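S.K.: Sequence:
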Amino acid sequence: MTLHVTNTLTGEKEPFEPQDPENVLLYYCGLTVSDPPHLGHARSWVHVDVMHRWLEYLGYDVRHVENFTDINEKIVARVGEDDLGEDEEAVAKTYIEHTLSDMRALNLLRAEVYPRVSEHVPEVIDLVETLIENGYAYESNGSVYFDVTSFEEYGKLSNQELEEIETQGDPDERSEKRNPADFALWKAGGVDEDAVAEHRHEGVDHGCATPTGQTWESPWGQGRPGWHIECSAMSMTHLGETLDIHVGGRDLVFPHHENEIAQSEAATDQRFANYWLHCELFQMGEEKMSSSLGNFVTVDDAVDQWGTNVLRTFLTAGSYNSQQLYSDETITEAEERWDRLERAYEAAVEALDSPDARTKVDDEALRDAVDDARTLFIEAMNDDFNTREAQSALLSIATAINSHVDARGEYDYRGLRQAVGTLEELGAVLGLSFGGETTGTAELAGDVVDLVLDVREQERDAGNYERADELRDELEGLGIEVQDTDDGATYRLPSAE
RNA sequence: GCCAAGGUGGCAGAGUCCGGCCGAACGCAGCGGCCUGCAGAGCCGCCCACCGCCGGUUCAAAUCCGGCCCUUGGCUCCA
Numbered sequence: 001m002t003l004h005v006t007n008t009l010t011g012e013k014e015p016f017e018p019q020d021p022e023n024v025l026l027y028y029c030g031l032t033v034s035d036p037p038h039l040g041h042a043r044s045w046v047h048v049d050v051m052h053r054w055l056e057y058l059g060y061d062v063r064h065v066e067n068f069t070d071i072n073e074k075i076v077a078r079v080g081e082d083d084l085g086e087d088e089e090a091v092a093k094t095y096i097e098h099t100l101s102d103m104r105a106l107n108l109l110r111a112e113v114y115p116r117v118s119e120h121v122p123e124v125i126d127l128v129e130t131l132i133e134n135g136y137a138y139e140s141n142g143s144v145y146f147d148v149t150s151f152e153e154y155g156k157l158s159n160q161e162l163e164e165i166e167t168q169g170d171p172d173e174r175s176e177k178r179n180p181a182d183f184a185l186w187k188a189g190g191v192d193e194d195a196v197a198e199h200r201h202e203g204v205d206h207g208c209a210t211p212t213g214q215t216w217e218s219p220w221g222q223g224r225p226g227w228h229i230e231c232s233a234m235s236m237t238h239l240g241e242t243l244d245i246h247v248g249g250r251d252l253v254f255p256h257h258e259n260e261i262a263q264s265e266a267a268t269d270q271r272f273a274n275y276w277l278h279c280e281l282f283q284m285g286e287e288k289m290s291s292s293l294g295n296f297v298t299v300d301d302a303v304d305q306w307g308t309n310v311l312r313t314f315l316t317a318g319s320y321n322s323q324q325l326y327s328d329e330t331i332t333e334a335e336e337r338w339d340r341l342e343r344a345y346e347a348a349v350e351a352l353d354s355p356d357a358r359t360k361v362d363d364e365a366l367r368d369a370v371d372d373a374r375t376l377f378i379e380a381m382n383d384d385f386n387t388r389e390a391q392s393a394l395l396s397i398a399t400a401i402n403s404h405v406d407a408r409g410e411y412d413y414r415g416l417r418q419a420v421g422t423l424e425e426l427g428a429v430l431g432l433s434f435g436g437e438t439t440g441t442a443e444l445a446g447d448v449v450d451l452v453l454d455v456r457e458q459e460r461d462a463g464n465y466e467r468a469d470e471l472r473d474e475l476e477g478l479g480i481e482v483q484d485t486d487d488g489a490t491y492r493l494p495s496a497e
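Residue 304 in this note's numbering sits at position 304 of the first sequence, with consecutive numbering throughout.
Read the hints as simulated data drawn from the structure, not as lab findings. Don't take every hint at face value.
Stated by the list, open to error - Think about it this way: if two alpha-carbon atoms lie no more than 25 Å apart in a straight line, the pair counts; the simulated SDA-like pairs of lysine to any residue are:
no., residue 1, residue 2
1, Lys93, Ile165
2, Lys74, Glu176
3, Lys74, Pro122
4, Lys288, Ser327
5, Lys360, Val405
6, Lys288, Asn386
7, Lys177, Gly189
8, Lys13, Gly318
9, Lys74, Asp35
10, Lys74, Glu217
11, Lys74, Asp301
12, Lys13, Leu325
13, Lys93, Glu73
14, Lys13, Asp301
15, Lys74, Tyr114
16, Lys93, Val196
17, Lys13, Asn382
18, Lys156, Ser327
19, Lys74, Leu162
20, Lys74, Thr298
21, Lys360, Thr399
22, Lys74, Ala188
23, Lys13, Glu161
24, Lys156, Asn321
25, Lys93, Glu217
26, Lys288, Val113
27, Lys74, Leu84
28, Lys288, Thr298
29, Lys74, Asp194
30, Lys74, Thr215
31, Lys288, Ala317
32, Lys288, Ile165
33, Lys177, Gly155
34, Lys177, Glu193
35, Lys93, Asp301
36, Lys93, Lys156
37, Lys13, Ser392
38, Lys177, Leu162
39, Lys93, Val113
None of these values were measured; they are calculated from a predicted model.
Work out the full structure: start from the sequences and follow the hints.
M.R.: The structure is reproduced here in structure tokens:
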């Protein structure tokens, strides 16, 4: 089966065919950089990263662009707060660096470009001018609005009729619009003080903050870009008029992505994106995880607590387009699943190093299991990036390895090599890395643990089990897992992530 | 109110597009056995699901069709 993806535009799972058979143009609707990223963001990032990796696995060159929205009321509101920065640019820079660092910690492939709105204001203005010239937008009191009635297909992504779209918003602003559903492409003047006040954190002194208000010169006077236009301008600048894949959070379908389609397609008369994929949200009990609800876990805390591999196992434990439950239990379960994978991997590597590994031994059950797992994995990923199913394929390799090793006797050298290689290769698609880097200190720690285990072995030989158990307990208190086997004790250091 | 997604074992979560290999995957929890000084890890096996409810189509439905109930998300801050 070839790759199939669920397209929000049609609501159906469709065969994936990029415009150019060798290249994929991928745009991910990135963050507004006004808060530290949380696990909900990480969930989307990791799924997009897995899509990217899988497309490369299939042989495509992926041109992957991910924007940062650095013009926003919330950013203005953060100016002067703590040590975030003394103006909007500095605040945005702080959070962009924070975000990129979180992304590295999650082992995400880098995008080709991370464009920022503030660097694309001329393109935004060009696009708005085109829309006015073509009769899709109008100027009103120095602001420019998109006339939704001029775009016949408005509502096609979120599947809504224009008259059913409720509109709220500022009554003053609304009076400037021809239709309440019209949205701003360009907003006159600086940021509204009330809007800024609304996003301020309580009880924070903003000292001698000097927000600039983030305004630019334009044909319609001082102003700033509206919320949706930046993604159109940036994706067109870096990837052209028609994207192959546009990804974002489910919460962005309306109005953000709907408006992106309207303004882009009105401007170019070309289809804006062929496949719209949407990542579902984390559920914290009864509601979604979100910055505004304040019920989130930040990415850096989660990385500190769980490490990259556990987190990635957790974040890909459901389909990208299914809601996923966040709880201590579900994340602990992911940890156990990763541990099982890693232990099997280590057992295989150890068996390969042992003198009992023979090239003439042939365990068909092991080899077949590995072959089957590969087939399953590929089918799962091709079926709309089914990462959970892909994980179970990996786990079935673990079971096959354990079963083979547990039988003792002689080991199938080639079979184990194949198992290890397959785990590494397919694990990499999910961004999992086995047998983590051995650092100098880890090696030293290992030597010390060996010494302690030698002493413990002597105590055991002497029948002094109480002392032996004490030593084991103390090692375990340090996070070092001890296991007694026929060939002596083995250990696992806490993962050095 | 309108739009979208979903309701599968104790938990979590695939499978639903393309009906039969689903007598329902993988993992966790639980139970039994093996291994072990003990523990852990591991192995082998088992338990737990009339797949939200009602009706229909079919030789055959978790999967298709209709109705109903419930949950989540969106309806201009949102990944």
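S.K.: The structure should be examined with respect to each hint, and the outcome stated for every one.
M.R.: The hints, checked one at a time:
no.	hint	in the structure
1	Lys93 / Ile165	violated, 36 Å
2	Lys74 / Glu176	holds, 24 Å
3	Lys74 / Pro122	holds, 23 Å
4	Lys288 / Ser327	holds, 12 Å
5	Lys360 / Val405	holds, 16 Å
6	Lys288 / Asn386	holds, 22 Å
7	Lys177 / Gly189	holds, 17 Å
8	Lys13 / Gly318	holds, 17 Å
9	Lys74 / Asp35	holds, 9 Å
10	Lys74 / Glu217	holds, 21 Å
11	Lys74 / Asp301	holds, 23 Å
12	Lys13 / Leu325	holds, 24 Å
13	Lys93 / Glu73	holds, 16 Å
14	Lys13 / Asp301	violated, 36 Å
15	Lys74 / Tyr114	holds, 20 Å
16	Lys93 / Val196	holds, 19 Å
17	Lys13 / Asn382	holds, 11 Å
18	Lys156 / Ser327	violated, 35 Å
19	Lys74 / Leu162	violated, 29 Å
20	Lys74 / Thr298	holds, 18 Å
21	Lys360 / Thr399	holds, 22 Å
22	Lys74 / Ala188	holds, 18 Å
23	Lys13 / Glu161	holds, 23 Å
24	Lys156 / Asn321	holds, 19 Å
25	Lys93 / Glu217	holds, 22 Å
26	Lys288 / Val113	violated, 30 Å
27	Lys74 / Leu84	holds, 13 Å
28	Lys288 / Thr298	holds, 15 Å
29	Lys74 / Asp194	holds, 11 Å
30	Lys74 / Thr215	holds, 15 Å
31	Lys288 / Ala317	holds, 17 Å
32	Lys288 / Ile165	holds, 23 Å
33	Lys177 / Gly155	holds, 18 Å
34	Lys177 / Glu193	holds, 21 Å
35	Lys93 / Asp301	holds, 20 Å
36	Lys93 / Lys156	violated, 36 Å
37	Lys13 / Ser392	holds, 22 Å
38	Lys177 / Leu162	holds, 15 Å
39	Lys93 / Val113	holds, 16 Å
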